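Asks: Protein chains in written order, with my numbering: chain A, 1 to 302; chain B, 303 to 580; chain C, 581 to 948.
Hints in this document: simulated from the structure, not taken from any laboratory. Errors might be hidden in some of the hints.
[Said to hold, decoys possible] So the derived label-pair ranges between C-beta atoms look like this:
no., chain 1, residue 1, chain 2, residue 2, range
1, B, Leu-430, A, Leu-83, 33 to 39 Å
2, C, Gly-691, B, Ile-547, 49 to 55 Å
3, A, His-65, B, Leu-501, 36 to 42 Å
4, C, Gly-691, B, Leu-355, 52 to 58 Å
5, C, Phe-600, A, Val-22, 42 to 48 Å
6, B, Val-554, A, Leu-83, 46 to 52 Å
7, B, Leu-430, A, Val-22, 18 to 24 Å
8, B, Asp-464, A, His-65, 52 to 58 Å
9, A, Ala-70, B, Ser-560, 43 to 49 Å
10, A, Val-154, B, Thr-348, 20 to 26 Å
All values reported here derive from a predicted model rather than from experimental measurement. In this text, a Cβ means the ideal position worked out from N, Cα and C, and glycines have one as well.
One letter stands for each residue in the lines below.
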Amino acid sequence: MSGGSSAPVGPTRRGRAAVIAVPSLWLLLFFVLPFLIVLKISFADTRLGQPPYTSLLEWQSGLPHLVLHARSYLRLLGDSLYLAALLSSLRVAAVSTLLCLALGYPMAYTIARADAGRRNLLLMLVVLPFWTSFLLRVYAWIGLLRNNGLINNVLLAFGIIHEPIVMLQTDFAMYVGIVYSYLPFMVLPLYANLEKHDVALLEAATDLGSRPWQAFLRVTLPLSRPGIIAGCVLVFVPAVGEFVIPRLLGGADSLMIGRVLWDEFFSNRDWPVASAVAIVLLLLLVAPILLFQRSQTARAPT
Amino acid sequence: MSVRAGGLSRVPLCIGLAFLYLPIVSMMAFSFNSSRLVTVWGGWSTRWYGELLHDRQLLQGAGLSLRIAFMTACGAVLLGTMAALALARFGRFRGRLLLAGMVSAPLVMPDVITGLSLLLLFVAAAPLPLMPSSRGLATIVIAHVTLTISYVTVLVQSRLADLDQSLEEAAMDLGARPVRVFFAITLPLIAPAVAAGWLLAFTLSLDDLVIASFTAGPATNTLPMMIFSKVRLGVTPEINALATILVALVAVFVAIASGLMSRQQRQRRREAQAALHG
Amino acid sequence: MNQRAAAEPLIRIERLAKRFGDFTAVDDVSLDIHRGEIFCLLGGSGCGKTTLLRMLAGFETPSAGRILIDGADMAGVPPYARPVNMMFQSYALFPHLSVEQNVAFGLRQEGCPRAQITERVAAMLDLVEMRDRARHRPHQLSGGQKQRVALARALIKRPKLLLLDEPLAALDRKLREQTQFELLNIQQRLGVTFVVVTHDQQEAMTLATRIGVMNRGRIVQVGSAHELYEFPATRFVADFIGSVNLFAGKLLADEPDHALVAAADLPAPVYVGHGIDAAPDAAVWVALRPEKLHIGVDEPPVARNRAAGVIGNIGYLGDASVYLVRLEGGRMVRVTRPNSQRRPDENLRVNDRVWLHWHESSCVVLTQ
Chain A
1 MSGGSSAPVG
11 PTRRGRAAVI
21 AVPSLWLLLF
31 FVLPFLIVLK
41 ISFADTRLGQ
51 PPYTSLLEWQ
61 SGLPHLVLHA
71 RSYLRLLGDS
81 LYLAALLSSL
91 RVAAVSTLLC
101 LALGYPMAYT
111 IARADAGRRN
121 LLLMLVVLPF
131 WTSFLLRVYA
141 WIGLLRNNGL
151 INNVLLAFGI
161 IHEPIVMLQT
171 DFAMYVGIVY
181 SYLPFMVLPL
191 YANLEKHDVA
201 LLEAATDLGS
211 RPWQAFLRVT
221 LPLSRPGIIA
231 GCVLVFVPAV
241 GEFVIPRLLG
251 GADSLMIGRV
261 LWDEFFSNRD
271 WPVASAVAIV
281 LLLLLVAPIL
291 LFQRSQTARA
301 PT
Chain B
303 MSVRAGGLSR
313 VPLCIGLAFL
323 YLPIVSMMAF
333 SFNSSRLVTV
343 WGGWSTRWYG
353 ELLHDRQLLQ
363 GAGLSLRIAF
373 MTACGAVLLG
383 TMAALALARF
393 GRFRGRLLLA
403 GMVSAPLVMP
413 DVITGLSLLL
423 LFVAAAPLPL
433 MPSSRGLATI
443 VIAHVTLTIS
453 YVTVLVQSRL
463 ADLDQSLEEA
473 AMDLGARPVR
483 VFFAITLPLI
493 APAVAAGWLL
503 AFTLSLDDLV
513 IASFTAGPAT
523 NTLPMMIFSK
533 VRLGVTPEIN
543 ALATILVALV
553 AVFVAIASGL
563 MSRQQRQRRR
573 EAQAALHG
Chain C
581 MNQRAAAEPL
591 IRIERLAKRF
601 GDFTAVDDVS
611 LDIHRGEIFC
621 LLGGSGCGKT
631 TLLRMLAGFE
641 TPSAGRILID
651 GADMAGVPPY
661 ARPVNMMFQS
671 YALFPHLSVE
681 QNVAFGLRQE
691 GCPRAQITER
701 VAAMLDLVEM
711 RDRARHRPHQ
721 LSGGQKQRVA
731 LARALIKRPK
741 LLLLDEPLAA
751 LDRKLREQTQ
761 FELLNIQQRL
771 GVTFVVVTHD
781 QQEAMTLATR
791 IGVMNRGRIV
801 QVGSAHELYE
811 FPATRFVADF
821 IGSVNLFAGK
831 LLADEPDHAL
841 VAAADLPAPV
851 YVGHGIDAAP
861 DAAVWVALRP
871 EKLHIGVDEP
881 PVARNRAAGV
891 IGNIGYLGDA
901 SVYLVRLEGG
911 RMVRVTRPNS
921 QRRPDENLRV
931 NDRVWLHWHE
941 SSCVVLTQ
């Protein structure tokens with residue numbers, strides 16, 4: 001039987017149109033339109049006063065002219081700072097994604113293979129930190145990683161080290177923070193995928209002579225590909241624009257594009273440049289975003 | 303079963319869980335430290351809790367955040383359920399691809415981009431009628447709702463997909479109009495997903511820093527914003543107390559919820575057994 | 581009952597069609613269904629029977645044609661406004677409601693007063709013998725019990741037409757037979773018109789007043805079980821219902837009272853005891869049902885309608901035995917014989933040489 005009933009009639013059709021229209025209009029207005037505005041402002045110039053950017057339409061001799069300033073984009077291309085920030089963000093996001101995958105996959109696998117009762121408990125344990133404040137947890141890491149923080153104190157007390165290791169305000173701390181915050185986003189999609197695997201497939205593989213690790217490589221791993229993709233995209237894309245963690249845990253030299261955007265906006269009050277940064281970032285992320293959407297809609301009914 | 307995970311693969315799980323809980327446990331421990339410094343253990347004390355409760359500003363921020371979160375959750379559930387219904391039940395319709403795209407995009411969008419874009423929208427739209435003229439509670443709620451619709455839709459849509467459509471058809475066949483079908487049959491059966499979506503939207507809103515920073519006005523300060531500024535200045539043990547309270551609340555809530563669920567499961571199993579023998 | 585009302589069909593389907601993109605699920609179907617009868621739509625999967633049923637219920641809009649129920653055109657009429665109720669294959673009982681509440685659902689949509697609802701629900705539950713489980717939830721019921729509740733829920737609204745989608749498919753054999761008779765019983769008591777969709781010919785033959793065989797979206801033949809079995813219109817119907825031996829051949833002679841068909845697999849022309857209206861030298865098929873073939877060791881006295889062969893295989897079914905006989909041309913023929921004696925294998929064993937013969941009225945000649 002086909003999913004979704006056939007064309008409705010009369011009042012039902014109107015009702016349906018309303019149900020489709022309300023969220024669509026909301027998202028168009030508050031999700032899509034803002035991006036168009038960002039695009040528009042990226043082509044504007046700064047000025048004093050409110051709002052701190054020029055209008056794109058100028059009236060000259062009674063007719064509207066479209067005035068586009070490429071200043072923001074030229075600045076991005078010219079100043080190597082932006083490129084460096086972008087590249088470093090991509091690097092950090094990629095490394096974090098791999099670390100999350102390395103830690104998250106075994107976790108998801110173990111949970112998926114556990115007994116039904118245990119499984120729910122373990123899942124809950126993994127998800128529970130997520131329900132507590134993200135900010136507070138990052139803050140907790142500050143307390144742990146400081147020079148006179150818990151970890152250093154314990155190591156000093158046991159005589160393993162003689163001077164506190166500088167962990168805060170470093171790349172290391174940043175990676176710890178990012179992996180820590182995004183781990184559930186990797187574990188959950190992986191678990192959702194692995195849980196659906198038919199154990200009979202693996203049993204068939206071992207029955208036909210595969211060793212357990214071979215069965216894993218040949219059967220489990222390929223089947224978990226959609227979960228891996230989903231998890232990686234859900235970690236990578238937001239991580240590229242991550243701002244809070246680098247600010248709190250990273251060093252002054254760990255330049256992330258999210259921070260650049262924030263600084264341009266709040267410190268420099270240069271909205272057009274901030275917009276341009278956002279647009280460039282968005283363009284870069286389009287490919288992974290589309291990949292994610294493709295994997296989501298692949299499961300949709302025809 | 304021969305394919306049960308071996309003992310070896312349990313190690314990453316334990317490491318991962320330890321990793322996840324280390325900061326939480328340390329925060330909880332030090333919230334009772336009477337000394338301000340982390341290096342020195344000054345003995346058990348609840349003074350930070352006292353200070354927390356007297357911090358008027360912080361409490362105000364918390365109150366505001368809770369209000370915002372509540373409104374966000376309600377709005378997100380309303381819009382998200384509609385979107386999920388449309389995507390899961392209406393088959394192919396004009397604009398389906400657009401709606402599906404708009405619903406899944408926020409899930410992967412970096413916060414800074416959505417925050418920036420919404421702020422620019424509010425600034426540009428301020429002179430127009432109906433739009434909030436100054437940024438504050440309303441703008442934050444709008445921003446949060448937009449962000450959290452996706453999460454609700456994902457949860458509800460997945461539940462709807464699993465729901466047997468012939469139940470809704472049977473209801474229609476028996477004389478119920480589509481609206482009645484939704485409220486009498488569909489909604490009770492997707493209620494757990496809707497509730498989960500509400501909670502998720504609530505949590506995300508309560509926890510959000512970046513978007514609130516962009517879309518709040520100069521006068522508005524949400525709890526995360528306050529915590530952020532405090533944290534930048536230095537470590538304050540009050541924060542530990544706050545975190546501990548939060549963790550305790552969440553843990554209690556989750557324990558109750560899972561207790562209810564497992565009781566329901568046990569009851570179902572008992573009834574199924576009875577049916578087999580009955 | 582009014583004579584005229586009895587004469588007019590309850591349901592008239594006129595040139596109904598349903599297309600899904602390139603695929604035609606139902607192709608130009610016209611059908612009349614009479615009041616009080618049990619009409620079975622029989623066919624394999626993908627033949628369009630379920631789509632046709634859903635169009636009757638109102639869940640699919642026809643691409644062409646129309647449906648008249650009691651004279652009223654159902655175009656644009658949604659399922660909740662039709663005098664039709666459906667019993668779903670999965671039963672579709674509402675899991676969050678009790679048996680009572682499930683059955684009462686339809687009446688509550690009608691706005692029936694509470695007291696009346698309670699009364700009618702109790703009466704209906706008595707009819708399907710589920711009164712003692714009124715407070716149970718669907719997940720506490722067995723398959724057969726769920727089915728009875730689904731039936732009660734559909735019938736309580738006293739619909740003009742009840743649609744049943746593969747009603748017995750989920751039940752095991754013993755339960756199926758029992759339920760078949762229960763269904764018949766209830767139908768007779770209430771006088772409701774049934775349209776049943778099924779792929780199981782045995783189910784169709786037991787339940788139906790008339791059967792409509794469907795193939796690839798079209799109705800191939802409509803008739804009673806007896807008509808379809810003994811007088812199939814096409815090879816498809818002959819093969820679909822029961823087993824049949826089909827012999828391709830050419831029409832040699834066609835007289836009012838007899839006909840001769842030369843079949844390649846048979847040694848002599850088949851003598852058919854009635855005339856066939858067909859062109860001379862037409863390509864025809866002779867259909868012989870397995871139970872109409874007599875099997876024996878002795879040579880039949882008459883030289884007509886007989887063939888010799890060797891028993892290739894014997895299937896013992898308890899009440900009957902199936903013999904697969906290889907004829908001299910190499911063709912395998914299926915013969916069924918009731919085991920009227922307790923030791924049927926005494927004179928017939930594998931590799932025995934046997935003679936088959938049949939009566940001239942036993943064969944059916946098919947032109948399509």
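Asks: Hint by hint, say whether it matches the structure.
Replies: Each hint tested on the structure:
1. Leu-430(B) x Leu-83(A): 33 to 39 Å: holds, 38 Å
2. Gly-691(C) x Ile-547(B): 49 to 55 Å: holds, 52 Å
3. His-65(A) x Leu-501(B): 36 to 42 Å: violated, 52 Å
4. Gly-691(C) x Leu-355(B): 52 to 58 Å: The hint (52 to 58 Å, Cβ to Cβ) holds, given that Gly-691(C) and Leu-355(B) are roughly 56 Å apart.
5. Phe-600(C) x Val-22(A): 42 to 48 Å: violated, 29 Å
6. Val-554(B) x Leu-83(A): 46 to 52 Å: holds, 49 Å
7. Leu-430(B) x Val-22(A): 18 to 24 Å: holds, 20 Å
8. Asp-464(B) x His-65(A): 52 to 58 Å: At roughly 56 Å between Cβ atoms, His-65(A) and Asp-464(B) fall inside 52 to 58 Å, so the hint holds.
9. Ala-70(A) x Ser-560(B): 43 to 49 Å: violated, 57 Å
10. Val-154(A) x Thr-348(B): 20 to 26 Å: holds, 25 Å
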